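We have chain A already, so just place chain B on it with the hints.
Number of protein chains: 2
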Amino acid sequence: MRTSKGVEWAVHALINLAWLQEAPVATAQLAAGHDLPPSYLNKVLQQLVRAGILESLPGARGGFRLARPLETVSMLDVVVAIEGDEPLFRCAEIRQCGTIGERFPDSSFTRPCSVKSAMGRAEAAWRKALAEQSVADVQAAFAANTPNAGKRVRRALGRG
Amino acid sequence: MRTSKGVEWAVHALINLAWLQEAPVATAQLAAGHDLPPSYLNKVLQQLVRAGILESLPGARGGFRLARPLETVSMLDVVVAIEGDEPLFRCAEIRQCGTIGERFPDSSFTRPCSVKSAMGRAEAAWRKALAEQSVADVQAAFAANTPNAGKRVRRALGRG
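Residue numbers (the numbering used here), protein chains in the order written: chain A, 1 to 160; chain B, 1 to 160.
Just so you know, the hints here were simulated from the structure itself, not pulled from any lab data.
Please note that a few of the clues may not be correct.
Copies of the same chain are indistinguishable here, so a pair counts whether it falls within one copy or spans any two.
Unchecked claim - Within a straight-line C-alpha distance of at most 27 angstroms, the following computed BS3-like cross-link-like pairs (lysine-lysine) qualify:
1. 151 <-> 5
2. 151 <-> 128
3. 128 <-> 5
4. 116 <-> 151
5. 43 <-> 116
6. 116 <-> 128
Bear in mind that the values here come from a model prediction, so they are computed numbers and not experimental data.
Bound conformation, chain A alone (with noise of 0.2 angstroms):
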């Protein structure tokens, strides 16, 4: 159980986009910065603009560029957009089956079950504390490890 690499790579090319600013990015550039495969990250920021994060520009001098300020993309919108909106927890009602379902109640089955509900509350807690991040944030985190963290992106991706 675990999310795929598709959000860590998300979160960064978001991250090195916000540095670029308006300018539109093609995805091989965008891979070459983290020695990416191009067509999975591709999958990747199509996923993001499915999403309304990021926005594909066609032509030679297109790519992908931010549909919106960092500041109102959360972890949360990140993570739905890759990853699905799925449950981490699904129940499938088996206390519904054989012969113990047998000997309950239908009434027992009304209420959701006590183990989708405990790992609901958990998820829960989960999902808010994504919501309560935006990339933004995380970009400000990482600036802060790294004196001209935008200029180096800019420069490496060949616009500094």
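Same frame as chain A, now just chain B:
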């Protein structure tokens, strides 16, 4: 990204064993209780033994029983027993790679990546919420949905 079926199976097995008290129960019987595949359920039960939550008793009248009261077993204990203790988010340190990574001084990388830290804060909230709920709490909530839940389970497993 989701938990395996094993967590749901494990929690229901623990609750059923709690209702049977001291008597060991064979895998086949526990599996029939919720119409589960016995060989895979057995794997889950062995994981709970390794975590010190269940005991396995050998012999014709053997089987599984609780190693300790469910008040002392948190939902986090069960999730870790079944899913392992790896973080949900694993950082591949792509920040250090590629044309961007090359432009960052080594001193940038002495502190954890801010993406990892942000994901880690959410995961800590998830783990905390799981740790705060015992399997006994879940059993009590389960019992609250059904009159005589324990008696029904004992009868279904031939111990009534």
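Evaluation of the provided hints:
Taking the shortest alpha-carbon separations for residue 151 and residue 5, only the intra-copy value of 26 angstroms comes in at or below 27 angstroms, while the best inter-copy value is 47 angstroms. When the C-alpha separation of residue 151 and residue 128 is checked against a cutoff of 27 angstroms, the pair qualifies neither within a copy, at 33 angstroms, nor between copies, at 39 angstroms. Taking CA atoms no more than 27 angstroms apart as the test, residue 128 paired with residue 5 passes in both settings, with 21 angstroms inside one copy and 24 angstroms between copies. Taking the shortest alpha-carbon separations for residue 116 and residue 151, only the inter-copy value of 23 angstroms comes in at or below 27 angstroms, while the best intra-copy value is 48 angstroms.
Taking the closest pair of Cα atoms, residue 43 and residue 116 come within 27 angstroms of each other only across two copies (22 angstroms); inside a single copy the shortest separation is 32 angstroms, beyond that limit. For the homomeric pair residue 116 and residue 128, the shortest alpha-carbon distances inside one copy (18 angstroms) and between copies (17 angstroms) are both at most 27 angstroms.
The structure is inconsistent with hint 2 alone, although it conforms to all the rest.
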